[in-house]
Structures are given as structure tokens and as C-alpha cells.
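Engineer: Read off the chains here:
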Amino acid sequence: MTTATTDLDRPATPPAFQEISPGRKFRNRLATVLVTGAFLVAMVPLVWVIWTVLAKGLHRVLNADWWQKSFGGLTSRNPGGGVYHAIYGTLLQGLLCAVIAVPIAIMVAVYLVEYGRRSRLAKAVTFTVDILSGVPSIVAALFLYALWVTTLGLPRSAFAVSLALVLLMIPVVVRTTEELLKIVPDELREASYALGIPKWKTIVKIVLPTAMSGIITGVMLALARVMGETAPVLVLVGYNQFINYDPFQGNMASLPLLMNSERLTTNAIGEARVWGAAVTLVLIITVFNLLGSLLSRLTAIKTK
Amino acid sequence: MSDRSSLRRPATTATSGGPRGGGVTDDEQFAEAPIPSPPSQSAAKHGRLGDRVFAGFATGAGVFMVVLIAAIGIFLLIQAIPPLADNKASFLFSRTWNADPADLNFGVLDLLLVTVFSSVFALVIAMPVSLGIALFLTQYAPRRAARPLAYLVDLLAAVPSIIYGLWGLEVLAPALSGFSVWLNENLGWIPIFADGNVSAQIGQTIFVAGIVLAVMLLPIITAVSREVFDRTPTPHLEGAIALGATKWEVIRTTVLPFGRPGYISASMLGLGRALGETIALLIILSTTTQFFGWSLFDGGDTIASKIARASAEFNDPKAAGAYVAAGLVLFALTFVVNAAARAIVAGHKEYE
Amino acid sequence: MAKRIDIKDLNLFYGSFHAVDGVTLAVPPRNVTAFIGPSGCGKSTVLRSLNRMHEVIPGARAEGQVLLDGEDIYSAAVDPVSVRRTIGMVFQRPNPFPTMSIRDNVVAGLRLAGVRDRKRLDEVAERALRGANLWAEVKDRLGKPGGGLSGGQQQRLCIARAIAVQPDVLLMDEPCSALDPISTLAIEDLIGELKKDYTIVIVTHNMQQAARVSDQTAFFNLAGVGQPGKLIEVDDTEKIFSNPSTKATEDYISGRFG
Ligand SMILES: Nc1ncnc2c1ncn2[C@@H]1O[C@H](COP(=O)(O)OP(=O)(O)OP(=O)(O)O)[C@@H](O)[C@H]1O
Ligand SMILES: [Mg+2]
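Chains as they are written, first to last, in the working numbering: chain A, 668 to 971; chain B, 2 to 353; chain C, 1154 to 1411.
I should point out that these hints are in silico values taken from the structure, not numbers from a laboratory. The reader is advised that the hints may include incorrect statements.
Unchecked claim - Below are the DSSO-like pairs computed for lysine-lysine, each with C-alpha atoms no more than 27 Å apart in a straight line: (1) 1161(C) - 971(A); (2) 1392(C) - 1161(C); (3) 969(A) - 1272(C); (4) 1349(C) - 1392(C); (5) 971(A) - 1392(C); (6) 790(A) - 319(B); (7) 971(A) - 1349(C); (8) 1297(C) - 1161(C); (9) 872(A) - 1272(C).
To be verified - Which chain C residues face chain A? A few, computed with CB under 7 Å, are given here: (10) 1169; (11) 1170; (12) 1209; (13) 1210; (14) 1248; (15) 1298.
We put the CB at the ideal spot given by N, CA and C, even for glycine.
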């Protein structure tokens, strides 16, 4: 719009384009600067947090013991040991949670998209999924405590943690699956019905496989999220320095729980344990995220 | 042609049907699914049974969700009633918290105030920044770069809150120490910057916790806002561009009005998350025996952090019940905030 | 195999909207019947009601009778799933299953009904693909996804998929409207061959196509905007195209229509 013309070679005729007033130009520039600045501001904590985690914890995890030993029998003065007991706990609790949550969530989404369609029950279900997705993890943990420990009289255990995580995972997977099922074209369902394939087989063999790649990604992301949850492990299971393989009995460590316990060890050894566990947790979350996109790429629908 | 004979066409016909025969009989197959034929055929039955069972499972899963939410409410309520009955203080209006089962004397007000105050403070910081990020990603960033850049913002959501908490306590609090003290000294006449009940210099304050919370809200608010901004109808945009509007004017006249309800709803969702955040606040905030005094340099506990702090000692059902009662308040609070967030977008069909 | 269809006083509704009014029509076996008529007159609606595909649409319902060799397909004792197994359908847009290979697409109907025998499935696949004039083009890439074929090939794949379950009747809703002239010709040839074994009903907007492939033609029309569609006349294709008995048919065929 504006050209770099000097007074001398400015044409006698009025310019072909109207000049933009300086005020408008200024506001436009300012907006650009502010908006770009906002993005850069967001990058500051991201880089800072990742840097902190690596700087404080990386040295601790570059050690074979870290991945093969627990802190069993070590006091706050013993520098060695590792977190394999907590890695086991985190993975086991996440896995148990997924095994329970994913089938339920997929069936709920199937109900909403394939069966419910605008019925009153479907509206109620959508509403409850919305509520559940807003339930704070500490409330989910309290509910499980009220159910598992107070009402059923069962001991705190890793399995109770998994159940609390189920409450947090279900709404995420329902949402993802629902969106994916909605974009499966009706033509595919019709083609299947026209072959004389019953509705349930159409759903199981045609509709769900078409959406599967996306569902897998969604599950992996949800899993990565719940494995970093701290509130449920605080309420529902005790910390254990030793490995415990049994999800139904006894205390079991997990990475967030270990971090929360060791942060009370106020010396350099405790510090290194906490941040080493942080690196490990971030690593696991990263792996699950990458695994999600890798699996979805492997299972993506191919045309060639 | 009788049904049976027509359906049981000899396989030989089929195989010798040649390329055009289309003869692809599968005897068992068709013996099972004839039409029109008596309904006693097993395939038809099987199909119907399978459909009924599967539909039953799906509907059951749906009903389970409704039951689950009801169960959460009811269980918490049942656990909360006995301690509430024995409570010597007013649960909603008392500011002291004593969950000793022998001497129940607990009120949620102070916790509630800290919860809401810190969340709102976090929201005040996160809202404008998220708006800027969402506009940057949808309107300013080059098309190719928008996705990877958005991914970076989403990464903020992948960091577990316990790491944010530790970072806040060990890194951010010392880094902000000077700034906190400066604010306190120079702007202390404004109530929220007045002397708090913990040290502004050490920084185990609502101020630091709120900033950490704000960082955690950025990806949440940005993600939803980005989506609605992206849906601004092209004709609106082109209309404004054709009038010779600058980029900012285009955004102000089309993108922002179109996206406002979505942005507000996103912010409410963020608020819901902030209210329930537990571990980061548990780590950062220092406990104090004094009441909350409306200063950013106060410490204390939110409902969630109070529950988590006490969770190791949940051995007496009555003591635990007191915390369950507080949890119920939190549940109700997040419920209202989330419902409001959904109600805001529900009125806007253009977002569908 | 090929069976006759008798439609008796069929009325079709979408909720409270009366879409098609009082159709009575006989479709003889081993014969191609074409449905023609202006857009929105209910051709697809009638066609879908012939294998109860209308039931997939919420609120859609049929009144009247559709008899397959004398048996009412709407009778309460009849499972819609087996109706569709017997009366196959090919859609306007080719819709192969995206997750399946070419071979698996063809045998999808059998496999999902529980047929496991690999050898038999392979035979069926080959026969159906030959039947759909597609074998030569795909025999070396049977394991490749169906979505990788051209539009015309995909449509023939869908026809192969439909005939692989060996229906008695084949319904086709504008099967060539998304295809180029060469693929169209290939499908028209195929229809000519399929009618030796199947009863075929085809909806088309292409008069020449109706004239070329069908033995009998049914002309549908709208009485007016918001009015239900009606069957105006049905007769041998030759007669309809040379000497129709109503003025509306003549106008429509000669392109003098509205
Ligand atoms: N799913 C539906 N819900 C409600 N009304 C419908 C639906 N499908 C079709 N209709 C209505 O029924 C009438 C007949 O539609 P139909 O699709 O059968 O017409 P058609 O003759 O096949 O038209 P075309 O040649 O354009 O395919 C139309 O008025 C249409 O609007
Ligand atoms: Mg049509």
C-alpha cells in the first residue's frame, strides 16, 4: 500500500491507494507485537521448566542403578538406589486404569453416536461426561476413598488408585472416540447394512476400525496425563521404598508419589532423587506421547 | 421358486457359472439367512440376539456414567453428614479448621476464599496471555508454522502438576523474590499487595502459586479459544478485508466478536481446573495459623491442598468425613463453573 | 436366485412428511427396471425401501407392501438384516471399506457373517471380481487397500462386494453419476451381464442410460412443491421412450420438462 517514494518523485496525481492513517498503523503494529509477545511469554515457563528438570535431574538418571534398583533399605544419607519400583507402580496403575477405562469409554461413545442419538438418556450421558471431565482429581480420589476404604472396608492399594484414574480417563476417551465416530461417514454404515451385516457387527468391524487410529492416539495421550496425577496416589496408597508387585495389597510407589515423599528429604540426596524422578516421569510421558503418534501412523488408513 | 430350493442352489451351478455367473454361493451362509422364509432361521436370530446384547452393553455403559456421577455425589454426601452433624462450628461460615474427631470444629470458609482468590488471580493473568497466544497461532503465525507452534503450547499441558509445583517452589519463588518484595513495599497500600501472613521474600505465597497456576491454565484456555477463532466464517473475514481494514481491525471486528463466547467459556473451563488443582498448591503454599487476609502474599491452603495434606491421616472416618465435606464444596464449585462454561457455548449454534 | 418384486400401494414418510404416495409396481426377475424422474420425486426413497434401508434413517417409515416372490419383506417375522442379505444395494458414491484390502472388501459380507474358510473366500472373491469385470485390473493387488482404486474401479468393487453375498436382487442408486464416461460404459456393460442372474433396479438421471440398459422404465414425478412424489407410469422401456402414454413422461424424456 505505501511505497517508498521521496517528495521529489511523488506523482502529481493523487496516489492510487489511500494512505492508512498513522493511528491505525500504530494500533496494528502494537497488536502484532503484543500477540507475538504473548506467545513468547508462554515459551518462557516451558523452556524454564524443562531446563530445570534436566539440569537438576539428568545426572541422576544416567546411571544403570537408577533403572534397576529401588530405594529399599536406603536412608536419606545413602546416595545410591533407583526408581524401578516407582516406574513399575506408575506403569501398572496406568495400565490397570486403561484396561478398565478404555472399554467402558468406547462403549459409552458407541452408545452416544450409534444408539442414543438425541434421546433423553443420551443427553443425560453427555451431561455426565461433561461433569466428570471437570471433576478435580482430588475429588475423584476422595470418592474412591469413601467407596473403597470407608464403605467396603478394603485397604488402600494401587488398585484403588487405578480406579480413581479410571474416573479421570473415561471422559477424555469418550470425547475423543465420540468425535472420531461422528466423522465416520454414514455411507460406510449403509454399505455394511446393505450387505446384510447386522448393526453390531457393522459397528465392531467397520465403524470402530475406521476410527481406531485416532482412538489409539487419544488413549495414549489420556494415559500420559493420568500417569502424572498426584492427588489420587496421595489419598489412596502409601509410599513404599521397596518394590511391591501386588496392586491389591500393600503400599506401592509411583513416580509422583516418590517425588512427593522424597521432597521432604531436605538434602542434596533427596533433591537429586526428586528431580531424577521428574526426569523419569517426563521421559515416560514423552514416550507415551510419541508412542501414540507412532501407533496412529502405523494403524492409519492407507490408500496405497 | 420355492425358498429352500432357490437358496440351496447346487454349488456346482455356482462354480460352473463362469466369469459372469456371479455364482458365489455359500451354502451354509444362505441356508441360514433366507428371505423370505420362516423366521426360525438361526442367522436372523443370531443377528438379532447379537444386536440386542451389544446395544444392551452400549446403553449399559451410558447408564453406568449417569449412575457413577450420582454415586459420587451420594457417597460424598453420606460420608460428610455424620461429621457435619457433630461439627461445633458453622461449616460454611467458620474460618477455623479442626478435624480432630474428638473435637470436630471445622469451617470451610477460609479454604474456600484462598481457593477462589488464587484461581481468580491465576485466571486474570492467564486470560489475556492465552488470548494473545490463540490470536497469534490462528491469525498471525505463518500457516506452516502454526501447527508446530501450537504443539509447543500444548506441551505445557503435558507437564505434570507436581513438576510445576516443585519448579514453582524451588526456582520461580526465589526468582520472583525481589519483585514480590518490591510490589509489597511500593504498592502495599493496595490490599492485595499488602503484607501477607507469610514471607513475600521466601515466596510460599498465593502470588507465586497463582503465577504457576496461570502457566498451567495457558494451554487449556488457548486450545479451546484457538478452535473457535479458527471457525470464524470466511465471508465475515473477507467482508472486513475487502473494506480495507488492517489486520488488527479485521480481528477486532470479526474474529473477536465471533470467538468471544468460546473464549469466555474456555476461561471458565480453565477456572474449573484451577479450583481443583492440588499438588502444585500443596507444594508451594506455606501453611499458616493466621486467617487469609486478601493479600497475594498470604499463604494458607486451598480446599484441594488441605485435603491432600491431611490424606495420610485419614484413619478415623469422622475426621476423613470432614475433609469429604470440604471436597463436596469443591465438587459443587467446579460443577457450577463447568456448567456455566458449557451453558455459554450451548447458546451458540455457530460453534457446532 | 433372481426373484420378482411386487410393490403394492407403497407410501413412504420422513416423519410427518409424506415423500412418496401410493406406488404400485411389479419388477420381474432377470430384468432391469429403471427409475427415472426429476430430482426429489422419491426415486431413492422408493429404492431404499425395497431392502428396508430406509429404516436406517430416523423417522422414516413405509406403509404398504413389498413382496419378494410373494413374501412381504415388511412382515414382523422378517429380519431386516436378512432382507438386505437377499436384496443388495450399490450406492451413488463408491464406498469401499477404507480399512480393508480389495479382497477383504469383496468378501466382507461373508466374512462378517462368519465364513472363515480362506480357500472358499478366495474363490468367492475371484468370482465376484470377475463378475464385476474388475478381476483383470486388480488381481495383482488384492492385498492393497480398496481406497487406492480409481472411482470407476471402486464402484465396480462395490458391485463385486454386493454380488459376493449372492443376493437375489440388486438395487443401484445412480451408480454412474460420480463416474467418467468410460467407467460408466463399463458399468452399463456389467449391468447387461448381471441381469442374466439378478433382478436389477436402477435409478438414473441419464435418459440414454435408462434406454440402453433397462427393459422396463418407471417414471416418477412430483405433483407440486411439498407434495408427495408419485409413480406416473411404468412400461417397457421401448414404449416409454417411443410412445409414452402420459404427456408428463413425454415432456420429461424429451427434455421439455420444467
Ligand atoms: N433423510 C431424509 N429426511 C427427510 N426427508 C428426506 C430425506 N431423504 C429424502 N427426503 C425427502 O424426500 C423426497 C424424496 O427424496 P429422494 O431422495 O427420494 O428423491 P430422488 O428422487 O432420489 O432425488 P434425486 O434424483 O435428487 O436423487 C424429497 O422431498 C426429499 O427432500
Ligand atoms: Mg436420489
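Engineer: Broken hints, numbered, in rising order?
Structural biologist: 1, 5, 6, 7, 8, 10, 11 and 13
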